[in-house]
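The lines below spell out each chain.
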Amino acid sequence: MTTITQFDTLPQCAKTRRGLVAVAMSGGVDSSAVAALLQQQGCTVVGLTMQLWNQRRLPELQGAGPARHRCCSLDDVYDAKAVAQHLNFPHYVVNFEEHFEDRVVRPFVDQYLTGRTPIACTNCNTDVKFEPLLRMARQIGAERLATGHYARIRKNAGSGRSELLRARDETKDQSYFLWGLSEEQLSRSDFPLGELTKEEVRALARRANLPVAEKPESMELCFVPNGNYVQFIQAYSQERGISLRNGEGEIVSESGELIGRHHGVQNFTIGQRKGLGFAAGKPLYVLSIDPQKNRVVVGEDHVLRKTVCEVDGVNWISCEKPGASIRAFAKIRHKHEPAAATIEPLDACSARVAFDTPQRAITPGQAVVFYAGDIVLGGGWIR
Amino acid sequence: MNRVYLDFNATTPVEPEVLDAMLPFFSTEFGNAASIHTFGQKSRAAVETAREKVAALIGARPQEIVFTSGGTESDNHAIFGVVLQPLLQARSEVEGSVAHGAVRSGEIGRHIITTAIEHEAVLNACQALEKEGVAVTYLPTDQEGQIDLEELRRAIRPETILITVMHANNELGTIQPLEEIGRLAAEADVYLHTDAVQSAGKIPIDVNALGVDLLSLSGHKLYAPKGIGALYVRGGTRLRQLLYGGHHQRGFRPGTENVAGIVGFGKAAEIARKSLRETAQRVSTLRDKLEQGLLHRVPQSRVNGGAAPRTPNTANLVFPGVEGEALLIALDLRGLACSTGAACSSGAVEPSHVLTAIGLPPEDARASLRFSLGRHTTSADLDFALNVVPAAVAQLRELSPAYRKAAKAR
Chain C
1 MTTITQFDTL PQCAKTRRGL VAVAMSGGVD SSAVAALLQQ QGCTVVGLTM QLWNQRRLPE
61 LQGAGPARHR CCSLDDVYDA KAVAQHLNFP HYVVNFEEHF EDRVVRPFVD QYLTGRTPIA
121 CTNCNTDVKF EPLLRMARQI GAERLATGHY ARIRKNAGSG RSELLRARDE TKDQSYFLWG
181 LSEEQLSRSD FPLGELTKEE VRALARRANL PVAEKPESME LCFVPNGNYV QFIQAYSQER
241 GISLRNGEGE IVSESGELIG RHHGVQNFTI GQRKGLGFAA GKPLYVLSID PQKNRVVVGE
301 DHVLRKTVCE VDGVNWISCE KPGASIRAFA KIRHKHEPAA ATIEPLDACS ARVAFDTPQR
361 AITPGQAVVF YAGDIVLGGG WIR
Chain G
384 MNRVYLDFNA TTPVEPEVLD AMLPFFSTEF GNAASIHTFG QKSRAAVETA REKVAALIGA
444 RPQEIVFTSG GTESDNHAIF GVVLQPLLQA RSEVEGSVAH GAVRSGEIGR HIITTAIEHE
504 AVLNACQALE KEGVAVTYLP TDQEGQIDLE ELRRAIRPET ILITVMHANN ELGTIQPLEE
564 IGRLAAEADV YLHTDAVQSA GKIPIDVNAL GVDLLSLSGH KLYAPKGIGA LYVRGGTRLR
624 QLLYGGHHQR GFRPGTENVA GIVGFGKAAE IARKSLRETA QRVSTLRDKL EQGLLHRVPQ
684 SRVNGGAAPR TPNTANLVFP GVEGEALLIA LDLRGLACST GAACSSGAVE PSHVLTAIGL
744 PPEDARASLR FSLGRHTTSA DLDFALNVVP AAVAQLRELS PAYRKAAKAR
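Taken in sequence, the protein lines are chains C and G. Position 76, counted from 1, in the first sequence is what the working numbering calls 76; the numbers after and before it change by one each time, with no gaps. Position 85, counted from 1, in the second sequence is what the working numbering calls 468; the numbers after and before it change by one each time, with no gaps.
The set of hints was computed from the structure by calculation and includes no laboratory data. It cannot be assumed that every hint is accurate.
[To be verified] To give an idea of the chain C side of the interface with chain G (calculated C-beta under 7 angstroms), a few residues:
hint, residue
1, GLN51
2, VAL93
3, ASN95
4, ARG135
5, ILE140
6, ILE259
7, GLY260
8, LEU276
Glycine included, every Cβ here is placed at the ideal spot set by N, Cα and C.
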């Protein structure tokens, strides 16, 4: 066995951890490295791999993309098993297909059909990984659930709360997808990779001789094998008998002037430029989508920039819901540079976000996540 | 860690005497049973002795036993063999082009009767034939997992070619009234196949008393190795072969015989036959102890299929308010091996079609666990189970919001 000694930077709690820890294993290098790391720290590890989606279910999508690099394919399950076998700890595959469809796939499709741009990974974290999977982990006797997320959890000695923090490696930071977790969920979770860079994780995997050490990263949504959402939405809707407001619709300017035609609002997302299907003198972008009128509104870039938005389903993690407006840095999509803003809580679960400067393409269905330095205060869904 | 295995319906260990009997046939007695020389003759003799022993277990004649790779092959051979046989006949009588698509057009092999609780080897074979145009009736069962004979009688049509009904169910252990089914099949002049993989070695089987024409057996369910099974084919049954090759097993099931496996199967069948009565009695006493103990110690638990005649070793219980999958894992981590539902290709658990078919609501089907005892299961094994299961169920329920809510409402 290779021993790894150079992770002295790890939080102290990780080193003193005892008892059984469940590791959510996707079969990828990150979660596999988590298992190796925890084992090296003296934890007793049990691996859990979620069966989330039947890849053979929508036959029209078969052969539509590379069969590898999908996260719920059999190959990935076997990879996770191979890692568990290599490290010699028990591993189980658990079936959350029904739950995943209810809480992730169906809402994802519904959101697109109402002209929004959803984030399936956030729903999966909030409603699957840290809900039934965490519960199952505890039911089988594990104290905590560890995952391969790049984010950090810190216990605030003063407040006693568990706080969610950005990953040390900013290029890999996934805290944007974790804002929906409750403080309680967080208090039972472990993100052992939060202090590491991707390179360090790969190096760790190599030193531990993990069979997945060289496995390429998966970037796509696990249930959309080829990344073609439109095709997936069409196939899924057809299977479930969801009527698509398909047919052609209008593309109009802000003033309502007809500019072109489209083939279904699910093909569009706010801020999109390509694929509008017509050439205009100046670059035009999708400003808003109106599924009721089956209409897409386009305009120039400067119109896309807005200062204010409202969010609902607001969740405060690292602090209680503030009684008055607070200053924070707010991030409106995964690859957005957080911008200074004032967050004004409206009621228990909604808030108004006013940015200091206009932000481009604030997109309904995406989330605003509030940061104070590295700390994730909370977040909410853009209305 | 102390580990207790209560999943003998999934598979059994090879009995030491069985292994001893097999060992020479991997090395010194390695001859091909089809060879003419002395090496071959020794293997041939061993195969034929084994055939006699397997035949004796089910009251058959040795020449009616065909060795296969296991229960799945036997089931497929029986079902496809019966249904496709007339196709060959038709081909030989008329020109091939006429027979092509004959099944589809409804002229031959038009109807099979089976049950909703069969093993996948039977169900999926029937479904494959359904896609080719064969009509299939899936008889429902009552809540104990037994079919209704009157319903079976009504399902038989002039074009029915095969009835395939399992002898004992793998999940519940419930036994079908095969003798009566055999009489109905004989009256209607329809072939009767039974998957006896779960009953052989556990309860007495006599193919003549049961009136079956075809019967599937699997070695590894009765302390022989995996990869060996048999199909009983009553003399005179017209069956199309599945595999084409050399002249092994009268050319009917070609492929060099798995001599060691066959020898092991023979030995295991012999042991099973000799010890059957005594084992059944002892095991059923233990099973009842387990069942009663769990019913007593786990609030609201119930037995599935308990009122029907059952194999002596199988207990299936529902523990409302738990996820069987989580319970299975929790128990495995504590050293107890049992089973729930059906494993799909990834190894995840799928809801059991059997429990759904006997009318359990989905949440109860998911909350069910099967314990299957073995010949060597001891009272101490059950004490262990009676200790860990109630504790694990309690822990799961404690962490189940739905259960706690329901408990509060009560």
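Here is what the structure says about each hint:
Given hint, C:GLN51 at the interface with chain G, holds; its Cβ is 4 angstroms from that chain's nearest Cβ, closer than 7 angstroms. A hinted interface residue such as C:VAL93 counts as satisfied when its beta carbon comes closer than 7 angstroms to some beta carbon of chain G; here the least separation is about 4 angstroms, so the hint holds. Nearest Cβ of chain G to the Cβ of C:ASN95: about 4 angstroms, under the 7 angstroms cut. The hint holds. Taking 7 angstroms as the C-beta cut-off, the interface hint given for C:ARG135 holds, the closest approach to chain G being about 6 angstroms.
Interface restraint check for C:ILE140: the shortest CB-CB distance to chain G comes to about 4 angstroms, inside 7 angstroms, so the restraint holds. Among the interface hints, the one on C:ILE259 is violated; its C-beta lies about 48 angstroms from the nearest C-beta in chain G, farther than the 7 angstroms criterion. Annotation: interface hint on C:GLY260 violated; nearest CB of chain G at approximately 45 angstroms, more than 7 angstroms. Interface restraint check for C:LEU276: the shortest CB-CB distance to chain G comes to about 41 angstroms, outside 7 angstroms, so the restraint is violated.
Violated hints, listed in ascending order, are 6, 7, 8; each of the other numbered hints is respected by the structure.
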